[in-house]
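Construct the complete structure from the given sequences, taking the supplied hints into account.
So in our numbering, spot 31 of the sequence shown is number 31, and the numbers just go up one at a time.
None of these hints come from the bench; they were simulated from the model. Check before you lean on any hint, since a few could be wrong.
In the DSSO-like style, the derived pairs of lysine-lysine whose C-alpha atoms are separated by at most 27 Å in a straight line are [said to hold, decoys possible]: (1) 50 with 67; (2) 138 with 27; (3) 146 with 166; (4) 50 with 271; (5) 228 with 239; (6) 299 with 27; (7) 2 with 300; (8) 166 with 228; (9) 156 with 50; (10) 300 with 228.
Here the structure is a predicted model, which means the values were calculated and not measured.
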Amino acid sequence: MKQIVIISGKGGTGKTVLTASFAALAKNASFADCDVDAADLHLLLKPEIKERHEFRSGKTAVIDEKKCIACKKCMEVCRFGAIYSPQKENHGQSTIEDGLRIDSISCEGCAVCSYICPVNAISMEENLSGEWYISETKYGPMVHAKLGIAEENSGKLVTLVRENAKKVGEEENKDYIIIDGPPGIGCPVIASLANVDLALIVTEPTLSGIHDMKRVVDVSRHFGIHTKVVINKCDINLKNTRNIREICEKQNLEILAELPFSEDVAMSVVKGMPVVEFCNGGIAKDIAILWERIEQQLKKL
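See below:
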């Protein structure tokens with residue numbers, strides 16, 4: 001079972017649109033949406049959730065109001081301003097209640113407050129940071145997730161999504177796992193890249209697209225991943241497209257396809273479906289040829 005991850009270095013290059021189309025074109029694959037901070041592959045693949053699981057990660061301070069003596073020692077040592085005195089309206093005058101409160105969003109879980117508390121009123125409790133799902137689409141099984149607001153450790157959640165996508169793929173004897181990766185070059189991207197067979201970098205002919213392509217290529221090659229490039233919207237700036245070709249030639253990077261800008265892509269997203277099912281010719285045909293080339297690459301590995 002081969003694993004391919006579609007990454008971009010920056011957001012908005014079209015990697016999720018391509019991933020959805022690959023899902024529709026692949027005959028025997030499972031899918032993983034590893035862009036857990038802003039998951040959107042489900043908007044195109046329309047999964048039906050079969051299993052729902054909690055994702056717990058990190059810890060947040062919790063004050064036992066019955067034990068708290070409001071000495072404010074914890075407030076004094078908190079570097080993140082997460083501990084505060086609640087205000088209460090009482091006959092038109094603001095009075096401070098007994099005890100203190102924790103702003104769970106501001107709390108970084110460093111636990112200094114729990115060590116400094118003289119009456120052991122503060123404990124560290126594990127966060128409910130999000131959810132992950134095993135779903136079914138008309139194209140095959142899909143594992144995806146949703147990280148909570150202001151929650152961290154998305155790299156850990158990416159790994160969890162990938163592990164379960166692999167498990168589902170093995171159980172159903174799939175040929176491929178197609179992974180929609182996150183943007184950037186940070187921990188979630190590294191977790192998406194680990195041990196894949198092929199990384200497909202989707203770039204665009206803009207200055208930020210070129211800059212971020214270079215960075216994510218460095219990350220992919222650092223981990224020894226076979227790396228290929230797709231130039232999306234290649235006709236919006238021909239000078240920058242030529243620049244990308246020169247960079248890839250110097251770095252011995254194969255460009256598998258140059259896809260032109262197409263309004264059919266925007267219309268297919270509005271309809272909530274892969275573009276290869278929205279239309280037959282044009283961009284849909286180009287993406288179908290691209291998928292055939294990817295399959296050929298995977299067979300060589």
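Take the C-alpha atoms of residue 50 and residue 67, compute the straight-line distance between them, and say whether it is at most 27 Å.
Measuring from Cα to Cα gives roughly 43 Å; hence the hint is violated.
Proposed proximity, residue 239 with residue 228 (alpha carbon, max 27 Å):
Satisfied, since the Cα-Cα distance of roughly 21 Å is no more than 27 Å.
Hinted pair residue 299 and residue 27, Cα distance within 27 Å:
It holds: about 15 Å lies between the C-alpha atoms, which stays within 27 Å.
Straight-line alpha-carbon gap residue 2 to residue 300, limit 27 Å
Given that 27 Å is the threshold and the Cα spacing comes to 11 Å, the pair holds.
When you check the alpha-carbon spacing of residue 300 and residue 228, does it fall within 27 Å?
holds, 14 Å
For the pair supplied as a hint, residue 166 and residue 228, is the alpha-carbon distance within the 27 Å limit?
holds, 22 Å
What's the verdict on residue 146 and residue 166, does the C-alpha distance respect the 27 Å limit or exceed it?
OK: residue 146 and residue 166 at ~19 Å, within 27 Å.
For residue 156 and residue 50, compute the direct alpha-carbon distance and say whether it is at most 27 Å.
Holds - the C-alpha atoms of residue 50 and residue 156 are around 22 Å apart, at most 27 Å.
Would you mind confirming whether the straight-line C-alpha gap from residue 138 to residue 27 stays at or under 27 Å?
OK: residue 138 and residue 27 at ~11 Å, within 27 Å.
Would you check the hint for residue 50 and residue 271, treating anything up to 27 Å between C-alpha atoms as holding?
holds, 24 Å
Violated hint for the displayed structure: number 1, the only one.
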